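Peer 1: Please work from the sequences and hints to get the whole structure.
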Amino acid sequence: MDALALGRYLREAREAKELTLEDAERTLRIRRRVLEAFELGDFNVIDASPVQIRVMKKQKPPIRCIMPGKVYRHEEISARSYCMFTQVEGLFIDENVSMADLKGTLLAFAQRFFSEKARIKIRSSFFPFTEPSIEADVECFVCGGAGCSVCKHSGWLEILGAGMVHPRVLAAGGIDKEKYTGFAFGMGVERIAMLKYRIDDIRLFFENDVRFLQQF
Amino acid sequence: MKIPYSWLKELVDIDVAPDRLAADLASIGIEVASIAETKVPEGVIVAKILGIGKHPNADRLSICEVDAGGLQPEKIVCGAPNVRPGMLAPLATVGSRLGPDMVVEKAKIRGVDSAGMLCSERELSISDNHSGIMELPADYTPGTALKKYFPDDAVLEIEITPNRGDCLSMLGVARECAAKYGRTVKSCGRTPLESCGSINDYISVEIVNSGACPRYLGRLVRGVTIADSPEWLKRRIRACGLRPINNIVDITNYILLLFGQPMHAFDYSRIAGRSIIVKNAADGQLFITLDGMERNLCRDDLLICDAEKAVAIAGVMGGANSHISATTRDVFLECAYFEPAAIRRTSKRLDLSTDASYRFERGVDPADGLIAAIDTAAELIRRLAGGEIIGGRIDAYPKPLTPRRIILRPSQVQRLLGVDISRDRIVSLLGALGIRLIGGQGGAMEFEAPLYRHDLVIEADLIEEVGRLYGYDNIPPSVTAPVTMTRTIGTSSATADTIRKVCAFQGLHETVTGSMTSEKRRALLTPDIKPVVLLNPLSPDMAQMRTTLAGSLLEVVAYNLNRKNTNNRFFEIGKTFASRGLQELPDERDVVAIIIEGFFEAPSWQHPGKPVDFYILKSLINSLARHCGAGPVRYGDCGSAAAFFGQESATVACGTTITGECGKMREDICAAFDIATPVYYAQLDITALVAAPPSQPVYSPLPRYPAVERDFCFVVPEQMRSAVICDEIAAVSDLVEWVEPFDVYRGEKLGPGLKSIACALRLRAPDRTLTDTEADEICGRIIETMRRKHGATLRR
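Residue numbers (the numbering used here), protein chains in the order written: chain A, 1 to 216; chain B, 1001 to 1796.
Treat the hints loosely; a few may be bogus.
What the hints assert, rightly or not - Sample of chain A residues at the chain B side, in silico, Cβ under 7 Å:
{"hint": "1", "residue": "C83"}
{"hint": "2", "residue": "M84"}
{"hint": "3", "residue": "D101"}
{"hint": "4", "residue": "K103"}
{"hint": "5", "residue": "S124"}
{"hint": "6", "residue": "S125"}
{"hint": "7", "residue": "E131"}
{"hint": "8", "residue": "G147"}
{"hint": "9", "residue": "E178"}
{"hint": "10", "residue": "N208"}
{"hint": "11", "residue": "V210"}
To be verified - Quick partial rundown of chain A residues pointing at chain B, CB under 7 Å, derived from the structure:
{"hint": "12", "residue": "V34"}
{"hint": "13", "residue": "E36"}
{"hint": "14", "residue": "M99"}
{"hint": "15", "residue": "L107"}
{"hint": "16", "residue": "R123"}
{"hint": "17", "residue": "G161"}
{"hint": "18", "residue": "M164"}
No wet-lab data here; the hints were simulated from the structure. Just so it is clear, the structure is predicted and the values come from calculations on it, not from any experiment. In this text, a Cβ means the ideal position worked out from N, Cα and C, and glycines have one as well.
Peer 2: Here is the structure:
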């Protein structure tokens, strides 16, 4: 069955029950956007992380974990993007976990990983599984924020996406959203390595040329 | 989306420079990908070409006599093909700086003096157009600085996240700026000057599928003249990356850019029966869109129809049968709110994404925005294309949408953001975004979100709005209280770390390769394994999940050989996938694979080199198993090893569990990857390496008594393996310390189907020196057992 046929099958099944997408969302606890994506065979929008839900179902708060792994996306391959990369996700759920804790954690990471004096900047963003969602930039460790070719003269490097765990994600993981809050982040290992080692082509990671591998 | 800074400034007071604006927009969630500054250089003036003469010394050059505002005409040498008398063009006078290294000087070009340079748009950084000299409008005054007409500007290329369809317009971005800077958005709509008559006498609108089309507005402008748009409109449209077409189309595009509201203009004379019906297509219905393509529709697609036929695919593209042409006199304007999912479905299925569908998919403003858009469009048409606006507008809105009401508890703001923001501050931050406080009970407040904000649904959505306007940078980072938690690393990931170390010490390079492969590769390597097939693969080369790492590593070897990187040795830790049918999750295994090719020890002038062979592979596997704590490795029958191995292969077992397989790759398999040299490959299951009993060492005293050594030569059937013989010998007595084969012989003397295997044997007792009698007795038992169980005879 191809993607469109599957989508049509799902939609007809839903319509046979005279359910709207909203009804289905309520009963299935799957976001409407995702249901719709399946029905349209449009998998580009599906990007939620199933690992986090699995952890939540297995373990009660407090949860603090790091989850590295390969992720895949439907993307044209170029020097800046590849259809596969290594993602490190983090999840922290407890009572009274706030954006301030997320910031503190990201700052600690940046200072350990890049430089003791590293600063971070937080921008508003959008991810379907966090609300609010943010992106974090770290002050360029090459020029110290003065502007150079690595940071495209902005003084900042984008390192990851993060946010406060969406109440629906908590609910899907069986966690009381009135009692607990949490944050989650995800960063691409290759992207961070590219910044740190100034590698200009992400494909090098997957071509495995010995002359590249030998350098590390 | 392109946002001209100058246009934005007309909509909202901004007193920061473009780069600062970009940083501020980014902080509230509108990423700015680039800023293109347009700055006409000092010294560039408007010049009028009076006459053109031929250059005496160059065919391709001409000498233009221009009016540059001075008393006397100037002579300019020019090579562009498009100059003509009467044309107005930008002239860079002597001394003007067109770029970091480009200053216009008084020059002799092929022997003729030139008092400056006529410029293309690209030379002035106005656009990328370099096809000829830029043509200026006829009403510009020669001699005036061009800066007067082209003030310094910047175009911000912004990226809008998919939840913020309301920001896909100048107005939307202006609203965000106003909220950020505490300003108000200036009114940008225009009130139409209607003439007599009523639109209801001219056209009727019926919505059959109001689920897909909740609201449909229409206006009629009669007696227009289709012509080019005025320069200001063209420039604006170009600055936003669109191409000017004619005044009517340009106005609808202008409305799209300004309000984010896609509109469609129909030629009224081509709407049959003076009626518009919004309904779904029939399966298989064909329709020619205005790009001339015939589209095959289905019953999911929403159509705009007249009394006889379809005239547009709703929200996606108009039809070739009703669009504006040079002879259009009466224009019917459509301005509607379509359900995002309906448009997305059609756009996706037809693989047709337009500026209109892009916005409808993300949700436009079903309320005031819709009205402002159609009224402004009608009024602009009246002013720029003539004609008269028929009184009234169609407004088919069967079930008016009501704004969403959302409860917000200030305590939750504190809880989620980690900073105390007062009630008043929350109300004013949200108010700046048009989110109104309408009531509340106890500590909770009730807000009403504007209809254009489709993304605001739950409390956390409002908290995000508070957070991003308050500024995430203003939230102090907190250091979470350190807690002691057991650090659990999965056993397989601990084993993986060990594997990495062992392999790296052996000089192997770790690879990371794609987990997807093609049907062809899979069928070649593992014809018997049922693969996990991707529903929506990126390409046929990535249509299935890999069933073995062999293909990936062969590709890596081939890739390196092609680049003259010889003597390759790699390892990879990854997953293999096999389907267990649709009802069950696939069989995923963590494996480690090793591949070696060429020389393991490269030849040098003192050393002939050591090519890779089965024994090197075995020693790598043994070393891995030992360091992972898995018991002694046993190599078993090759019969069950994967098909890609040749004769020289074996299964690998730690204890009783089969852990993997190893061997020499078949030559034809290597050839399929364009590899001509021998390749050895092993793949071990990491979980099995861990599951094998850990060998906790227990000290055994060093031997204090001498050993007795004996050799045997057994004649056995051809298919019998030496390991079987060795196992059998070892089982005979506890005193057998070591046994190993050292020779194999086949020959006529033995007879057909037989071979002779020579084994060396060491016997030792821990507590005494063995006597010859004792040793003979054990050897006798060995010979007897071999004869009885395996029909083996001693070779004489």
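Peer 1: Identify every previously stated hint that the structure contradicts and give their numbers, smallest first.
Peer 2: Of the numbered hints given earlier, those the structure breaks are 8, 9, 12 and 17, listed in rising order.
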